[in-house]
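Trainee: Sequence:
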Amino acid sequence: MTRIFTTLLLGFCLLTMVASRQKQAPVNWKKVKVLVYTKNGKGYVHDNIPFAAAAIQKLGQTHGFSVDVSDQPAVFTEGNLKQYTMLVFPSTNNDVFDTNDQRLAFRRYIEAGGGFVGIHSVMGTERNWTWFKRMMGGTFAWHPRFQKLKIHVLDPSHPSMEGLPKVWEKEDECYFAKEMSPGPTVIMAHDLTVLNPADAEKITQNRGSYTELYPAAWYYNYDGGYTWCTALGHHKNDYQDPTFVQHIFQGMRYVASQVKKVDFGKAYATSHEMAIQ
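Sequence positions in the sequence shown follow mature numbering (1 follows the signal peptide of the UniProt record, and there is no 0) and run -25 to -1, 1 to 252.
Keep in mind that the hints were calculated from the coordinates and are not lab data. All values derive from a computational prediction rather than experimental measurement. Everything hinted at is true.
DSS-like, lysine-lysine: derived pairs with alpha carbons at most 27 Å apart:
# : residue 1 : residue 2
1 : 211       : 123
2 : 241       : 8
3 : 33        : 57
4 : 33        : 5
Generate the whole structure from the sequences, applying the supplied hints.
Mentor: Spelled out as structure tokens, the structure:
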């Protein structure tokens, strides 16, 4: 009987440990401040960006957190960034900073324990900056045409996946990456088997060793900071869709629950490209 009880107790403890890993700390939204950064470099600019910014501002009004929106890279100084719980990059693309000092301020903000939320084409941001690409887990390679997709929730116990369809059918773009780095934990994946067969050759060229599923959303505790990204959100109408807005909000909520204090005393980089310590 004692042995059976001990076995049951150990099993219960293991289950409790697993559950606790997914437990999310409550967020005091009155203390949360968000910077939505909307600048794009040369090249394609998504028309969804103002709609994404407006949706996040509306979330701020609903939940009681502050939102600043800017397309000016001059906001990237330590003195300014220290006030923000997280930075949100909605469909940014190509080079979004003017100087390496701005890149360094962004990096040191992450090292200081700051939060980052990336949406859709964020994968194509700062394609020549190795540290940023590693934070993202890779950089943009190619995407098939806009079409109806199936997206599978891989970890329904993760707080950012709460209440989402286990198999989410929506129109969007399936983004493929290159220069991929290990680190991010994937919690939602594209179903590659439903993509338009006309693109089969390019899909095979770009999917790497992935077969039926490909990363669509992930989180990553990177270099002192906390990141959450989704490849979804191409169409401007997404930002008025309750399910998609819930998806974004829950990613933001997850990051807000992780960020305790932005402390630049923890930052160590003296150049934007120096080796991670």
